[in-house]
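*Asks:* As given, the protein sequences belong to chains F and C, one line each in that order.
Per numbering that gives the first Met the number 0, numbering through the first sequence is continuous, rising by one, with the last residue being 160.
Per numbering that gives the first Met the number 0, numbering through the second sequence is continuous, rising by one, with the last residue being 247.
Hints listed in this document are in silico derivations from the structure and should not be mistaken for laboratory results.
Please read these numbers as outputs of a predicted model, since none were measured by experiment.
The reader is advised that the hints may include incorrect statements.
What the hints assert, rightly or not - With a straight-line Cα cutoff of 30 Å, these simulated BS3-like cross-link-like pairs (lysine-lysine) come out:
1. F:Lys-99 to C:Lys-179
2. F:Lys-45 to F:Lys-99
3. C:Lys-117 to F:Lys-106
Stated by the list, open to error - Here are the computed distance ranges between Cβ atoms for each label pair:
4. F:Lys-146 to C:Phe-138: 48 to 54 Å
5. C:Lys-179 to F:Lys-106: 25 to 31 Å
6. F:Leu-28 to C:Ala-145: 25 to 31 Å
7. C:Ser-196 to F:Lys-106: 22 to 28 Å
Glycine included, every Cβ here is placed at the ideal spot set by N, Cα and C.
Each chain is listed here by its residues.
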Amino acid sequence: MKTRHKKLALIGGGLAVLAIIAALVLNALNSNIALYISPTDVAAGKAPQGKPFRIGGLVKEGSLARQADGVTIRFVVTDTEHDIPVDYKGILPDLFQEGKGVVAQGKMTGEGTFTASEVLAKHDENYMPPEAAKAVGDAHTRAAEKKAAIEAAGEKPKAGY
Amino acid sequence: MTDRFNLYRFASPATFYPLAGTLIPYFAAIAAVFGIAGLYVGMLVAPTDFQQGEGYRIIFIHVPASWLSMFIYLVMAGWAAIGLAFNTRLSGMMAQALAPTGALMAFLSLWTGALWGKPMWGTWWVWDARLTSELILLFLYIGYMALTAAIDDARRADKAGGLLLLVGVVNVPIIYFSVKWWNTLHQGSSVNLTKSSMAETMLWGMLLMAMCFWMYSIAVALMRVRTIMLERERHTDWVKAILAGGEQ
């Protein structure tokens, strides 16, 4: 074995050891690296008690409402399994929308409500022109209407052709 | 080693110096062509995004800069491995020549990301896994440059810097996969080798800009490596000949 082959093996071996160490450390730190926890985690009691933390999920469709005091905004964060109502006083970011991702920082208060001090919108990886988005949305609505019509008529959905 | 084409010949600064000089204008020209095409497609042809409006157009800088910041680091680490194993002079010079461009790309990525994040997310910065690991990458670049600059002997500087580069390379897959492995505010990747969740013209604009950034990086790194060569090899005959008789 030539010296340079030995050195190459040493570098390769060193990198492999380093990768394993990094993987173990990151795995151990997993819960600390995550930026937010889901409503299901909160329901499972994984939320820190009495300390601020972040929850993340989707803003439930039709849940966004301004409270009677005129400044508090209430919406529901959902991961489709569990819901958490969130109260927030402040300006919502541009991308904040019902049905889209959101990350909120704050504390749990009584009755399972989350009081947020900061609300951030989480963007998804889809980039498309408005027409394409509208087409997708329309198709979605049509499918939902069709399903509703079928259910209303008391029929079972037909099997494929 | 082959007889017809000997790659090792170009590992010598004396042969690489004129070769780099010949290549620079081509890479610069290709970068300009891709840049003009990319900006045209990105700013004028690509449609407005359905959610973000015109603000999304920052991706034509942000994504290529981010890709290059990771890619340049991998190339530098590759040069470092070659340098440590084969003890070649060129590898250390190449790593040093690439470092400022890599740092620039990492900075551009963080900066454009912050500019986009404020209106879209609602914050300039958040300590999520993607943003933090990219910041560490910027620190690795700066640390590498500081370390090599602090050691007077160029060969020793290359060795110490190379070691730092190799240790830091573990950060690159962490950056890339961070959005998959952990909950982050940063969205998942829109594009990889097998799929894309972007409108086609947007994707083309981004790829053209990425090619522009790539070619630019090569051109600038070659210019820088020529300067480093002249400085480090100033006592050799070939440099003295160049300095005495002008450039061939």
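*Asks:* Hints numbered earlier in the text: which of these fail when held up against the supplied structure?
*Replies:* 7
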